[in-house]
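Keeping the supplied structure of chain A fixed, place chain B upon it in accordance with the hints.
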Amino acid sequence: MGRFTPIVLALSLFVTGCGERVVFNSDDVDQIVVDAYLIVDQALPPIWVSRTSEPRVPATPENVGEVGATVRIVDEDGNEFLYADGMRLEGELLAPRGRYLPLVPDGADPVDFIVRPGVRYDLTIVTARDETVRATTIAPPRLDVDEWLVLDFGLNVLSEIRDFEEVGDSVYTIADNQLEWGASLLEARFDRDPSVPSYQVALFSLDPDSDFAIEPDFFEEEDFDEIDREGASPMFDAEDGTIRLPWFAVFFEGRYKIKIYATDQNWRDFVTTVPSLSGNGGFGQNAGDGFDRPIFRIDGGIGLFGSASVDSVGFFVFDDD
Amino acid sequence: MRRHPRSSAARTAVRFLLFLVAAPSVAGAADLRGQVVDAETERPLPFAAVRLEGPGDARDILAGTSGRFEAEGLAAGVWTVQVSYLGYLDLEVMSDVQPGAPTDLRLAMTVEAIKLDTIDVVGDRNETEQELQTSLVEIDAETLARIPAFGEADPIRALQLLPGVQAASDLSSGLYVRGGGPDQTLILFDGVPVYNPTHAFGLFSSFHPDLIEEVTLYKGAYPAQYGGRLGAVLDVRSLEGNRNRTRGRIGVSTIAARGLVEGNWGDTTWALGGRRTYLEPILSALRSNDPEIPTYYFYDTNGKLQIPSANGSTELRFYYSQDDLGLDADEGTSVDLRWGNFVASGTHRQLLGENAAATVSAWYSRYRSDTDLSIFTTPIGIGNGLRDASGEATLSWALPPRHKFTVGLTASRYRFAYDEEFNQTTNIDYDANAYDVSAFLEDTWRPTASSSVRMGVRTRYLSDGDRIRVEPRLSLRQQVNDEWTLKFGTGLYNQVLQLVSTEGFSGTDFYLPIDETVSPSRSLQFVSGVEYVPEPEWRFTFETYYTNLSNVVLLNNDVSADRGATKAEDVFRTGGEGWASGIELFAERRAGSLTGWLGYTFGYTRRTFEDVNQGEPFAPKYDRRHDVNVVGRWQREKWEFGLTFTYGTGQAFTPASGRFALRNPATGVTPNLGELLAADFNSARLLPYHRMDLSATRSLTIFGQPAKLSFTAFNLYSRRNDWFVTFDPEDPGSEPTIVQQLPIIPSIGLEVDF
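From first to last, the protein sequence lines are chains A and B.
The first sequence begins at 1 in my numbering and counts up one residue at a time.
The second sequence begins at 1001 in my numbering and counts up one residue at a time.
Note that these hints are calculated values from the structure, not bench results.
Wrong hints could be hidden among the right ones.
Across the chosen pairs, the derived CB separations fall in these ranges [to be verified]:
{"hint": "1", "chain 1": "A", "residue 1": "P110", "chain 2": "B", "residue 2": "E1577", "range": "49 to 55 Å"}
{"hint": "2", "chain 1": "A", "residue 1": "T132", "chain 2": "B", "residue 2": "P1743", "range": "49 to 55 Å"}
{"hint": "3", "chain 1": "A", "residue 1": "T242", "chain 2": "B", "residue 2": "F1505", "range": "28 to 34 Å"}
{"hint": "4", "chain 1": "A", "residue 1": "F318", "chain 2": "B", "residue 2": "D1372", "range": "26 to 32 Å"}
{"hint": "5", "chain 1": "A", "residue 1": "I227", "chain 2": "B", "residue 2": "A1411", "range": "53 to 59 Å"}
{"hint": "6", "chain 1": "A", "residue 1": "F318", "chain 2": "B", "residue 2": "L1188", "range": "57 to 63 Å"}
{"hint": "7", "chain 1": "B", "residue 1": "E1577", "chain 2": "A", "residue 2": "Q42", "range": "31 to 37 Å"}
Beta carbons are placed, not taken as given, at the ideal position from N, Cα and C, and that holds for glycine.
Isolated chain A (complex conformation) (with noise of 0.2 Å):
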């Protein structure tokens, strides 16, 4: 044995790196997950309630949503915002499965249960399986764009877009409104809040069948096919209370909406550690080293309970070629 013993152990590292990479694990199935954010001036909003599924089980309403749970809010001033689990309000057929709606009592005032800025609020879940879990959010101040600007390359001001507040739905049809792709910049200017921790842009393609604004030559039929009529910037702090356009989000004709959002912490924290929306794993890091574990602040459980203030304005995108 003596004379192979070597030869034994050349091949010992050979059969060691036939093994298998663990590239899934179940360590963190049947967590609670929270999705709920609050909007300033607007209703408050259903609240999604579920838990983490295996890895290649998709985690869809049917296979995680959580049932049975008992959901709450209450506000720095001590009011209580009752839910109720959607499917025994709207029916098991109808409603989907971890869908909580807020409970509204007869002859409430509805302006009660309109998010207010700068308020606290607190959530607390508690499960059929008695597992609790909390979070806090604060609510940021009003967002008011002040300008909604259209400027050329060297950035000087061309005209000012109207915005839904001076001509309503008339944004995507009056003249100040229609931009050329790629043509101008298109700039957000509003007196930045400095108690506000960041800044976040969605846009929406509006009409469903417009033609593509542009048609880049390495682009593969199937790149087309992945294009979203929606979509979300990074985070931004706009310090100085700007935000500018990138033509890239912008691919389709026909008519569009911007919503910008003043966001609270946890909004911001979540959004710039979740690797589908922020976009990580550039530069300065060893190769694959993107892929870490989000920032949930969730006592208890994962997900985002944040808010935001948000304000928003509509134009129209015409391709000149």
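Same frame as chain A, but now just chain B:
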């Protein structure tokens, strides 16, 4: 000393080439030292066998990797110096060795026309190991050139084959030394820091292989003359120039063409070389059919001028490297990425009497990287640069018979620039200066003939934060007998320059200083080792190391897209801690027709950050438990074969531990089937890595000039090793993608000397 029968018979040409070069005397009277070189190329001949016969006891010495040897305490009188080296005619010279300044010989050996089949052991072991330092590795140019390489011979790739040194991937020439990242290794070129010496996005280094004379790596516990990094020091020394005639070399590989010319004007020597890719015509032809073919080229050039003077010499050097990638696609989309280095330096060495010498140096080292993107007409620009203007002075003096002191002062002015622009908005425009003034004092003490102690301290003043750091260093060596030597080293190190490096894409690497908002990173190292040299051609070492890290920083990627952060506390995750520990075994055969080494490392590395992995310790990606390297070189007549084999257990990665459903709060849309949840950071392992490279080199003549034709197979059996794992966050049914590393890559090269 036993001689090969053929060398005894062939002992004919006795050439007296005595170059008396005045050099600092580091010990007392009757010392002899010298360097063995090739008479034609002036290249040093490593591990040449030297025998001294004279008024005292005969001595057998094995020269070092630079061909240098030293003998102290000789009886005064005429000594016979006999030198033998495989493939060369034996050389014998006489030298009158007297007390006072050491006699310095330059022994130029002539190639023997008849190749030897084998070589016997070159003699009884009767020498003392001159090198005090623990964890020191020296590789000569000849060895570097013969290690199978991907396209171009590369000193850094060669170092990755040593125990304790790893590569992150096939696409990275970064050095991961004893559990530290590439940011923890100081890279010097002729003593001057170079900040991003890479080509082709880190595929290989930008050091011209023909212009390298020697590469020295301190893997840990490095001495007081160096500072600024937590882990290791790599010192690349360039060729000095041919003292006899003008000669040169041209070479071509599958990637680049290179040239070298060296010569002399009287006593002044010079060397000049350059290298450039030649793929552009091919890419240009392809681009005419497909505009999306990128343009890419790199080039580097460096030169040295050495001017001797009375009891001294002056050296002037320059180094320049540049990479450029460009791509013009459709719809206002383009990429332009450029990065490069420029170094200009000068050094004057002067003898000050018999026992003292001084060195004065000045240098300017600049690194710059610029990235200009346009994505569907949206412009994005990132630029970063570092300028280092420094002056350094050292003074060495011997206090016979036991002490040698060295003091030094280095003053550096750094200028950092970093700018980011997105869609016509400037997010960051950072421009700052920082100063670093360091002084060191070191005593090399030989209490006995068989023991040495090197004690040193380095004191640094850092302008950012107005800080002073004191860094003690200690190295001990005890020769137990002719065969066994014990070594120990320790030191405290601080680092303020942080390198943010991306594996496989080094063109965007940038440096940021630790400023007054964050404490400098610190490491405390301990190294111990045993060396066993039973015969001159064999060497066995066993070393252990432990490194403790504090105030470690990590780039914080969880930031806003338009962050204007320039303070260290905003850019980095701070307050990290870590440690690394391991053992290394090394067996080397240094002479004979078959030479090479076998290295093994067993090691652990851990880091802890409050905001990473919920504050629990984690393994960095490059934490490998076992690492084995085999390097062999076999010479037979006109052929020379090289083989390397590398095996390493799997690197760390983060698996997925669940899936969850959460809407994008800005759009209200839920990813189709949920989002993967990351498990504990780097808690799983990729498959083990192994690869074999093979080279075959044939010596021939072309138009009467000596030439070498080489064939290399990188990754001979084309194992597609794991590089990293990616997950498709939106499709739970799909398997994760295992991104693989390089397949077999054959290459051919030709070089001709003239």
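Consistency of the hints with the structure:
1. P110/A - E1577/B: 49 to 55 Å: 54 Å, holds
2. T132/A - P1743/B: 49 to 55 Å: 54 Å, holds
3. T242/A - F1505/B: 28 to 34 Å: 31 Å, holds
4. F318/A - D1372/B: 26 to 32 Å: 29 Å, holds
5. I227/A - A1411/B: 53 to 59 Å: At 56 Å between Cβs, range holds.
6. F318/A - L1188/B: 57 to 63 Å: 59 Å, holds
7. E1577/B - Q42/A: 31 to 37 Å: 45 Å, violated
Hint 7 from the earlier list is the only one contradicted by this structure; the remaining hints agree with it.
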